[in-house]
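Protein sequence lines correspond, in order, to chains X and P.
If you want the working numbering, it's the 1-based position in the first sequence plus 52.
If you want the working numbering, it's the 1-based position in the second sequence plus 612.
Any given hint could be a false lead.
Far from chain P by the CB rule (all over 12 Å, computed), these chain X residues [stated by the list, open to error]:
no., residue
1, Asp96
2, Asp102
3, Leu113
4, Leu118
5, Asp165
6, Lys192
7, Gln217
8, Ser218
9, Val228
Which residues of chain P face chain X? A few of them, derived with a C-beta cut under 8 Å, are [stated by the list, open to error]:
no., residue
10, Asn624
11, Leu626
12, Asp628
13, Glu663
14, His669
15, Leu670
16, Pro671
17, Thr674
18, His686
19, Ile765
20, Ala768
21, Gly770
22, Phe901
Calculated cross-link-like contacts (lysine-lysine; reagent style DSS-like; alpha-carbon spacing at most 27 Å) [said to hold, decoys possible]:
no., chain 1, residue 1, chain 2, residue 2
23, X, Lys91, P, Lys949
24, P, Lys690, X, Lys134
25, P, Lys949, P, Lys790
26, P, Lys756, X, Lys134
27, P, Lys949, X, Lys95
If you're looking for bench data, these hints aren't it; they were derived computationally from the structure.
Quick caveat: nothing in here was measured; it's all calculated off a predicted structure.
All C-beta atoms, glycine included, are put in the ideal place defined by N, C-alpha and C.
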Amino acid sequence: MDANLPIDEHLWLRLIEGDEVAFTQLFQRHYSTLVSYGKSFIKDTDRVQDCIQDVFVDIWLYRCSLNHSVSVKAYLFSSVRKRIARFYTRDHIFRHTTSLNDVEFSITFTVEDRLIANEETAVRIYQLNRQINSLPPRQKEALFLKYHQGLNTEQIAEILNINYQSANNLLHRALVQLRRELKGNVSLLLLLFSELV
Amino acid sequence: MQQRNQYQSVENFLNDESFRKWVLEGQGNHEWEEWALENTQRAKLVEEAREWLLALHLPNETISLVDVQLALQHTWNKIRAIEDTSGKAKTHFRPLFWWRVTASVLLVSTLLGVIYRMQSDTLPEPQQKTHSMAEQTSALVEKKNITGHPLLIMLADGSSVLLQPNSTLRYPPVFEEKERKVYLSGDGFFEISKDSEKPFFVYANELVTKVVGTSFRIKAFSDQKNVEVVVRTGKVNVSAGNSDQEGLLLLPNQGVRLARQSLVFEKIEDLTKEKNHSQELSNIERLSFEFTDVPVSQIFKTIEQAYLVKIDFPAEKLANCYLTTSLSDQPLSEKLKIICESLGGRTTYAINENKITIHSSGCN
């Protein structure tokens, strides 16, 4: 086995060979994160936990047919997303989706305000935060996967079930869009400020 | 690190792990601050990227370790359930050792005993149950009595077990949802808390005793020919090994002898006729817990003798307290609870190993 493999990929190989401890460790390493991810689609914690546990059950039962070299994190996120999407559509909650895999990512980014130095910066940051939160769900999800889960564009593409270029566009669009809006709004704000002073 | 000199856009910074760490965690390797201030253009970009990160925050909602463990256990349960049904089991599969005997009769009775001796080499581990045993063995507590006197064990549901010398009890610190299961090797006197939703099972060699709430004694030594079940009061189902047959009903003054080798049941109609029996009664089986106008100090004494515990209580405050109560067939925790409630006056008890402390302001 390759000694240079990151931990997850190591455990993955051992899991495929039937190592229960490896399974347990992977579970412990990722469960909490996956639940947070799942909850950005469905608020019902119990359902989310059920879905994720079912994902792990299948991973164990069908371990023989698992691909040896995967990005474990991307695989887990992808599986959870698919399972929740399936469950979601079955529940008929989401009426205006056309595709089976279309669940809406709804998370609210917050502001890390303890690190803000002054009032002026705060205004900008809160504005930016509002803009980010009003981005289309797919773009928000891409941002989340990239900046909170440390996944690369290729992995994000796999999870969102789109091609590499589309994933790249999603990320790019989010940032460009926001910067444009921000510039506009900031000038407006500066204008307002100057009026007040 | 030199790549950052090439950074043109906010995106580049956002993608930089080290930059993110510096902004969010203040981990100041690579001197980001100094580097940023080297020129104004760069400073602006850094500031913008920094603001981005601050606006893209998420609350840290992690699940507690305990909950993760529970989820893990739940997951393994699901796996085992699927593996069991699809794999080896037929519809009426029973391991060779066991055949189920079901019956239950609720009868209040005087001391009964039917002694059966069974032979067995190991602790009960029927084929079918290996998975749940395997799951649980890491979670089971094992108490072996290596002293020369009975050892009191309190279970999570309030039941008490008096484990005789040279005996071992294996039990979970917390019981499962649907059943309460313990494993006995040797001799133990059980007083089980009533819970009709959760039947209590004692696995002792080839015998499975199912109870809902009762007191009884089981003797199942590995080197003996028979398994003993002594029923004191209450409801007892005796199951033996692996079979589809109906179980044997134990009535007061009756008993079942299970010869381990042949797995043959023999019913004993009258326990009082059993010669060896009375000599082997432990204190708890001999003592009476029916009290009529008895000073509470005496009740405590009886409990001390029965359970081999030491009870510390405010003697002067309780000097003139007399109780009329029936404490038979109650696990120790219940007995103490009843006494405390009867005394009133905010009386409480605390158990620590084999020492019981009573706090009370009197019975007036």
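Verification of the hints:
{"no.": "1", "hint": "Asp96", "verdict": "holds, 15 Å"}
{"no.": "2", "hint": "Asp102", "verdict": "violated, 9 Å"}
{"no.": "3", "hint": "Leu113", "verdict": "violated, 7 Å"}
{"no.": "4", "hint": "Leu118", "verdict": "holds, 15 Å"}
{"no.": "5", "hint": "Asp165", "verdict": "violated, 8 Å"}
{"no.": "6", "hint": "Lys192", "verdict": "violated, 10 Å"}
{"no.": "7", "hint": "Gln217", "verdict": "holds, 16 Å"}
{"no.": "8", "hint": "Ser218", "verdict": "holds, 17 Å"}
{"no.": "9", "hint": "Val228", "verdict": "violated, 9 Å"}
{"no.": "10", "hint": "Asn624", "verdict": "violated, 11 Å"}
{"no.": "11", "hint": "Leu626", "verdict": "holds, 6 Å"}
{"no.": "12", "hint": "Asp628", "verdict": "violated, 11 Å"}
{"no.": "13", "hint": "Glu663", "verdict": "holds, 5 Å"}
{"no.": "14", "hint": "His669", "verdict": "holds, 4 Å"}
{"no.": "15", "hint": "Leu670", "verdict": "holds, 6 Å"}
{"no.": "16", "hint": "Pro671", "verdict": "holds, 6 Å"}
{"no.": "17", "hint": "Thr674", "verdict": "holds, 5 Å"}
{"no.": "18", "hint": "His686", "verdict": "holds, 6 Å"}
{"no.": "19", "hint": "Ile765", "verdict": "violated, 30 Å"}
{"no.": "20", "hint": "Ala768", "verdict": "violated, 24 Å"}
{"no.": "21", "hint": "Gly770", "verdict": "violated, 29 Å"}
{"no.": "22", "hint": "Phe901", "verdict": "violated, 45 Å"}
{"no.": "23", "hint": "Lys91/X to Lys949/P", "verdict": "violated, 44 Å"}
{"no.": "24", "hint": "Lys690/P to Lys134/X", "verdict": "holds, 20 Å"}
{"no.": "25", "hint": "Lys949/P to Lys790/P", "verdict": "holds, 25 Å"}
{"no.": "26", "hint": "Lys756/P to Lys134/X", "verdict": "violated, 50 Å"}
{"no.": "27", "hint": "Lys949/P to Lys95/X", "verdict": "violated, 43 Å"}
Against the hints set out earlier in the document, violations occur for numbers 2, 3, 5, 6, 9, 10, 12, 19, 20, 21, 22, 23, 26, 27.
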